[in-house]
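Undergrad: Below, each chain spelled out in residue letters.
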Amino acid sequence: MSKVIELKVPEIGGHTGVSVIEVFVAPGDAIGAGDSLIMLETDKATMDVPAEAGGVLRALKVAVGDKVSAGDVIALVEAAGEPVQPAAAAPAAAPAPSGDADIECDMLVLGGGPGGYSAAFRAADLGLKTVIVERYGTLGGVCLNVGCIPSKALLHVAAVIEEASHFADCGVAFGAPQVDLSALRAHKEKVVGKLTGGLAGMAKARAVEVVRGNGRFVDANHLEVSLTAGEGKDETGERRVIRFRQAIIAAGSQPVALPFMPSDPRIVDSTGALELREVPGRMLVIGGGIIGLEMATVYSALGARIDVVEMADTLMAGADADLVKVWEKRNARRFDRVMLRTRTVGVTCRPDGVMVKFEGEQAPESEQKYDLVLVAVGRRPNGKLIGAENAGVAVDERGFIAVDRQQRTNVGHIFAIGDIVGQPMLAHKGVHEGHVAAEVAAGHKRYFDARVIPSVAYTEPEVAWVGLTEREAKAQGIRVGVGKFPWAASGRAIANGCDYGFSKLLFDEETRRVVGGAIVGPNAGDMIGEVALAIEMGCDPDDIGKTIHPHPTLGESLGMAAEAFDGHCTDLPPQKKR
Amino acid sequence: MSEMIELKVPDIGGHDGVDVIEVFIKPGDTVAVDDSLLTLETDKATMEVPADKAGVVREVRVAVGGKVSQGDVIALLEVTGAVAAPAAAKPAAAVQAEAAPAPAPAAVPVAAQAPVAATGRVELRVPDIGGHAGVDVIEVAIAPGAVVALDDTLITLETDKATMDVPAVAAGRVLEVAVKVGDKVAQGDLIAVVEAVAGASAAQPAPQPAVPAPAPAPTPAPAAPVAQAAAPVAAPVKAAAVDEAGFVKAHAGPSVRKLARELGVDLGRVPGSGRKGRITDEDVKAWVKAVLAAPAQAAVPAAPSGAGLDLLPWPKVDFAKFGPIKTEPLSRIKKLSGANLARNWVMIPHVTQFDEADITEMEAFRKSMGEELKADGVKLTPLAFLVKAVVAALKKYPQFNASLDGDQLVLKEYYHVGFAADTPNGLVVPVVRDADKKSLIEIAQETSLLAKKARDGKLLPTDMQGGCFSISSLGGIGGTAFTPIINAPEVAILGVSKSEIKPKWDGQAFAPRLMLPLSLSYDHRVIDGAAAARFTSYLAQVLADIRRLML
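Respectively, the protein sequence lines represent chains S and H.
Using our numbering, read the first sequence as starting at 1154 and increasing by one per residue.
Using our numbering, read the second sequence as starting at 41 and increasing by one per residue.
Just so you know, not all the hints are guaranteed correct.
As the list claims (entries may be wrong) - Straight line, CA to CA, 30 Å or less: simulated DSSO-like cross-link-like pairs of lysine-lysine:
1. H:LYS66 to S:LYS1220
2. S:LYS1627 to H:LYS538
3. S:LYS1161 to S:LYS1341
4. H:LYS316 to S:LYS1598
5. S:LYS1220 to H:LYS224
6. H:LYS325 to S:LYS1220
7. H:LYS289 to S:LYS1627
8. H:LYS66 to S:LYS1161
9. H:LYS374 to S:LYS1161
To be verified - So the derived list for chain H, only partly shown, Cβ under 8 Å to chain S, looks like this:
10. ILE169
11. VAL209
12. GLY293
What the hints assert, rightly or not - Here chain S is said to cover these stretches of chain H; the calculated rule only asks that three of the stretch's residues, wherever they fall, bring their Cβ under 8 Å from a Cβ of chain S:
13. 210-216
14. 284-290
15. 489-501
Note that these hints are calculated values from the structure, not bench results.
Note that CB positions come from ideal geometry on N, CA and C, so glycine has one too.
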């Protein structure tokens, strides 16, 4: 057995903030008592700080340029071969009363979703002793378990079903699909299992401890975990207290429930819809955002007829109208009704179906009967569920936690990331925020400086956009020029049967730098990354247009959109030169 | 779970090297809060040091007869069970003054408790301010009702060395301010209570991102040593603010932005040299160089200002034109001491008083004792006599044992004498503390030990602090006199050159006497010429007849 000792800066004459000008040791080094650890420089002299104890250096807490004062920890060493018998602690060792910490760590990450585990892994890689608190049995959060990943497993299947059905036109006819729902569910679960299993292994490899339970802050340095077990998040009644030096709140969000909704197995949220218990005859999707439309795509491909009700003017809010129009045209066949500017006002459950009343511009007069109702009206942050107030962390009335550009909350050593800090509630945003928080916590000067966060609807066809949209540019009074390339002019798109799509790029007319871009069509989400990179790098039309894209691909449409902006795309009819 | 903590000597009134006369604990003992650990004896009183944490003693670091100072580790304690001492260690009361006129110094409550926050309330406390206690609050920047953001200045403190802003480690609305201007505070004292309010933290990157303080990376100062749970304290140093709105628009890729953040560069102000005005890594680095060089250049322009020195720029000469040269960098100590010497030379009106001391008898005595002491391995040096004689002179002329602090003269009642030590790397001035309480032999041993540490580069800052008066002896080398530079904030320094046998008239005849040249530089703002002359003659008298040291 061995024990870890903190080597600290000794009394250095009352100086504070003394510069570290040299560090002689590195993690892994074996050091002897008296060995020099670091060199300090005061206004009067330099001095070596010797090790008070020998051992193997486990973690180094200072770097050249740091300022230290007496008592600051320089390094952690593991004293080798000092037998600490478990019994030795006996004399006064009463069992730790509740209130004391059961676990101590440098970094506590509350929430094991994509943002949380990314933050935890980065923190661990940077030498912080890290603990993740996650209430479910697997890491990965909503995204991996009941969100992005399982929905993509189903959407892929849906896309193939639909593509196969169109193949008769190409001279290849498949029969009508035979859907085995339980096998489909098993496929989805296998996809999820591969990823969550991988995450568990990676946590282990980094010595990141995962404590399973619901966490609540007790104060600014303690979190109490009510342990959970089983399939869901049932509490066992056991508790653990974790003492942390710093924390990252990554507690995510949950679907908004409508207050007037009765409790009925036929009324589900996104998680329920992904369970895929049965294929309904008629399905109502409440909320025309990305999540609702993705699930509509899946259930429609499996044979359900869909109605959508949305309070706003448009489906897929956020995307430019020209993209939505293409999507609508391709998806009109799924829907019996698309009710915009309409609200759901009454729901009653009858044995033969869920009766729903609507009110608004496109509301049908009579109650409608559905076999399944999906409520997908947004997600709300979990800020009010974690006892943040006990730690002094400010949570607004909606449950969001405000952070600065370094992801710090109003309490300096507590960070927050992901859905809980605000829109857009996207995994890839949370991951980047998690990395920033972990690096700042480890003493790095990092900021969330990404300029754009791409959005993708993995519908059929996919719709993807990043940076400014035309609508936003107009609203903000930014003069932008648009370079648009319709896929009707793309050989590959025609060959693939997706000549309805298009790619467009938005350039700032003043700086000529690309400020936005959007794609509608298959694999739009895979291609939008190039536009995001171009925006981050400040590319102009030549940078993109003169980058050779492979032919024939859907991706080359981006190069051509850049050429079209300047009016010299040779794959389009002659344009007016700019 | 358990943790090891260190029990340290509390503030014992600034005494250093206090004798341990009794130790009450041994490894394996279980101690409770306020149990006595050991008894200390200063020149004024004895005091018991109580435990400020409970637990099981794992190791005792002091022994009877040892000497301890504030901050020394007394014992290592394994804390078991509940977080031991709930309240911050009891102040002064715990230090029991048993003898009469004990100065009853306020002990520092070391434990900076983690804010056991109730609903959204955070207590903002004085962070680690380097062990200073009773630090003056000279400014309070907050008032109840005000909203503070992370890193906003709460109060400004002034120590003897510097002023420092104490930043907020949590944002929110100020409910209560616990300090006022003129108060004296120590680490762990409550400054204010804030209530977390939504939106009070640094603004979200909104349309007009008026984001404050990029500030320092929150050096996760691993918290107060005692209450491990205490919140990490951001270094009270603020970088220049970055204009976030400009940063967001700067034509620079992610990697350049990352570099700019690391260097604290406001990208919006950096001109881009890349294609189409793109900012490159090199641009960011060049910007930093330019900014760092700027203050130096700003100091040079000879705009007559009245304040400061309007000096010509340093002559730039291409020495290689006149013959072969080589350059080598100044040693670190040379650079440090050079800056100090230059300041002292220009800021202090120096006068140097020359005198001679007849050390014939002293040297005879020293040499005779030398033979005796050799057996004990002690070398009685002339420096020891000089230190002792200087202490006598300082006692007689207290204005030499003083420092100037604005319009105040600080007169010291202790006698710490520094001596310049020549080392391969440059000049350092270790200090013999409480030279008045030490014997010649003790001083001789201590000076040779300090000189060895100096040569080995092992001197601690504490070894060089607290001097009242310095001695610079070139006697072993040569010279008849020189003008030493005062080691501020001291007010005088004694230079000693090589002693020489000279004919001295004893009233009847010339006698060969060993004469030691003395050169006393003094701060004429504090010391008059007549006083300096009296000081050196008294010093010479003492050295001439060291029996006077016993008076």
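Undergrad: What hint numbers does the structure not satisfy?
TA: Numbers 1, 2 and 3 - these are the hints that the structure violates, sorted from lowest upward.
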